[in-house]
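Chemist: Protein chains in written order, with the working numbering: chain G, 3 to 156; chain V, 11 to 734.
Take the hints with a grain of salt, since some may be wrong.
[Stated by the list, open to error] Restricting the straight-line Cα-Cα distance to at most 20 angstroms, the calculated cross-link-like pairs of lysine to aspartate or glutamate (EDC-like) are:
id: 1; chain 1: V; residue 1: K221; chain 2: G; residue 2: D118
id: 2; chain 1: V; residue 1: K617; chain 2: G; residue 2: E7
id: 3; chain 1: V; residue 1: K221; chain 2: G; residue 2: E80
id: 4; chain 1: V; residue 1: K617; chain 2: G; residue 2: E76
id: 5; chain 1: V; residue 1: K263; chain 2: G; residue 2: E16
id: 6; chain 1: V; residue 1: K207; chain 2: G; residue 2: E91
id: 7; chain 1: V; residue 1: K617; chain 2: G; residue 2: D118
id: 8; chain 1: V; residue 1: K263; chain 2: G; residue 2: D121
id: 9; chain 1: V; residue 1: K617; chain 2: G; residue 2: D123
The hints are simulated quantities; they were obtained by calculation from the structure and are not laboratory data. Everything numeric in this text was worked out from a predicted model, so none of it was measured.
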Amino acid sequence: MITLEINGKRHEVEVDPNMPLLWVLRDHLGLTGTKYGCGEGLCGACTVHIDGDAVPSCQVPAKDAAGKRITTIEGISEHHPVKQAWIAEDVPQCGYCHLGQIMQAVAFLKENPHPDDADIDNAMGGHICRCGTYQRIRRAIHTASKTAAKGGRK
Amino acid sequence: MSDIINISRRGLLKTGALLGGGLILGISLPLRVPPSEAVPPAPPLEPNAFIRIGTDNTVTIIVNHSEMGQGVYTSLPMLVAEELEADWTKIRVEPAPVDPAYNHTAFGMQMTGGSTSVWSEYNRLRNVGAAAREMLIAAAAAAWNVDRASCRAENGKVIHRSGTSLTYGQLADKAAALPVPKDIKLKDPSKYTIIGKPMRRLDTPGKVNGKAVFGMDVYIPDMLTAVIARPPVFGAKVVSIKADRARAVPGVKEVVQVPAGVAVIATGFWPAKKGRDALEIVWDKGPNAQLSTAGMREQYANLAKTAGVVTRKEGDPDQALAKAATHISAEYEVPYLAHAPMEPLNCVVDLRTDRCEIWAGTQFQTIDRDAAARVAGLKPEQVKLHTTLLGGGFGRRANPQSDFVVEAVQVAKAAGRPVKVIWTREDDIKGGYYRPMWFDRISAGLDADGNPVAWRHTIVGQSILAGTPFEKVLVKDGVDESSVEGAKDIPYAIPNILVDLHSPKIGVPVLWWRSVGHSHTAFVVESFLDEVAHAARKDPYAFRRKLLDRHPRHRGVLELAAQKAGWGKPLPHGRAHGIAVHESFGSFIAQVAEASVSPEGTVRVHKVVCAVDCGKVVNPDIIAAQMESGIVFGLSAALHGAITLKNGKVEQSNFNDYEVLRINEMPEVEVHIVQSNEKPGGIGEPGVPPIAPAVANAVFAATGARIRQLPMTAERVREALKNI
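Please model the entire structure based on the sequences and the hints provided.
Modeler: The following block contains the structure:
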């Protein structure tokens, strides 16, 4: 039995301790906002926050996530400046990668609230979008940065 | 003209969706299937709703094309909403079930592909919207007992000139009792408030909060998950399976052999994959065991030196080449490419003795449904296919063989329980259905004044359509049109032209890949034309412009892109412009790429200026997004993408060795849309073809190195720099 604290809620799961957190979230807890893209930590679609850091959940065995604070896309407020900016800039196309992109952007903006394009490229370089929304991702991160600076909810 | 019928009036759809009343408007249209195709005719008035208006004022638009990022869940509802005079904030979208009434208006089946959704539905959906609007106005006029001419529809309401109004929700039940008007008058486009405007995408909120449901996100009661051990070489067969270790993995329920390989069925993805990895399978590698890219390249290069099937011949190119003052020729090559949509392929199947339910992110509803029925031993009407959102398609989810659906039905059959089959990313990269590898040999002749007088282009590569149900219709006289599109129809004024084709049969499964033949022909034609311009000592933009005298739409975008990019003006040191123009899927695109090359040979694209003429504009922001998207997709292929084979095995496996563009390589993209009254063209694919040649031409302008082989990796560029 592994105890996981996800989005402020405790879950007890009976799984292979080596099962990646990604599949615990999806197959056992119904948190399907976190996506499978590559299984090797190469695309970022499965990004979640563990103790505030953005990490690819496909690379985290369930046992290593135990006792840590896990946040998934479902745990980010609908009013969060990053989610709002993604809507304002109509960023997604197919949409599959964006849950991970948003999780990365949320964590990144906490560390660097006023990034330039180079900072953004550096922080978001682990994420692949096959639809090619990168230009809008840059724009949305700048928008979120401005909203947050004006006191938008975090 | 098709018939529009009022479904609610006929009382045919007494489903949950209708409880509470409302108006459903459907449309029935004659099937337009080529006579040779064995599709049974549909009942003449099968009810199919495109619009459902609820008493709560919501307007649900049932969309018959798959949303894979290209924006049809917004652009198609816009067509309805405009004529319906709907309140855009009340619009909801629902994917259409499989039914002949939802068939593509030109292709006689339900499908999404070829960048055709908007033009397929442009008239039909506007008519459906207008018919509903007229019925709502008539219902209001009857309720108020006034002349209908004194009423108008606006923003989800019918308003009488006295100022009284009723909402569509209030009128829905009354309108449902009325006949559909015969003569429908469409709005004057100058009155449009939705079409042509950058309406926000309806699917964005769900794609931001995680609630949007892709095929991968479908979980149904009692469902198991399967991962399949697929052949290491295309066409390999299972000789023996040792599954003890796989079965010992906790959670593994069953190991079954299916035509696709060996399926491990488990309680979730992780045990299924662990089980799959623990299988010991002996394969008979079969006829493709020696296949290699190097060998194929040699075979193709030899073929290219011989005459192929002629697809276009004008004048006497051989004689014109012999007489030309200047003669240039070159060989071009592009590799196999995987589509690699972000959502790996998957399919959920619930198979019962008398029915089958399928959830799939597919581009090919009719074909997949019918294939599933055949495999399940059911009638098509016993198979219910739910179209989910697609986490990218790019053509991979439009497979005439229905591979990922058929295998899921086969696994479900063996499992005796509902099953979701998931492809790993490695399965996706190694699993085939690639954009074909191509080899081209091309020559041109110039007269003494530098005017091109001859063009000879030989193309070698696999046919996508051979061996599929489409072969009968789309392969003519041995020519797969998709192999030569964009090459045989070059627009340039050259008096002597020959384009011929070899279609070798190779055991690697191939498929349309975003922009299909154009993804390769534009690279070859637009790069080589640059070589010809250089040989003629002319500016590549001016050279093209002159040769496009009779093609105003090509010329229009070419001029616009050049002007907006500041063609001919100085750029920062080391950077240069390259230009390309190409027509595909009814749209015309020109792109100017600004690029530089590092001393190590790394190509950096700084900016792309894109001009697009896609006829009538439905949603300019979606058009801009699709241009950005096509440019990125094309750049991934131009700079990184290659699937290669050695000893029959695919050498790539995941995003580490099948690299795609990331944000740090993203150029600034600027899109300019030509205002046009022409028929709407495609938008999902046409942005792809011009980017590779525009970048290759910029690399040449910056360095003098001509890149004739994709991808333009640093190593290859270094090699080209040595050969200047």
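Chemist: A separate judgement is required for each hint: does it hold in the structure or not?
Modeler: Going through the hints against the structure:
no. : hint            : result
1   : V:K221 - G:D118 : violated, 31 angstroms
2   : V:K617 - G:E7   : violated, 45 angstroms
3   : V:K221 - G:E80  : holds, 12 angstroms
4   : V:K617 - G:E76  : violated, 36 angstroms
5   : V:K263 - G:E16  : holds, 17 angstroms
6   : V:K207 - G:E91  : holds, 15 angstroms
7   : V:K617 - G:D118 : holds, 18 angstroms
8   : V:K263 - G:D121 : violated, 48 angstroms
9   : V:K617 - G:D123 : holds, 16 angstroms
Of the numbered hints listed earlier, those contradicted by the structure are 1, 2, 4 and 8.
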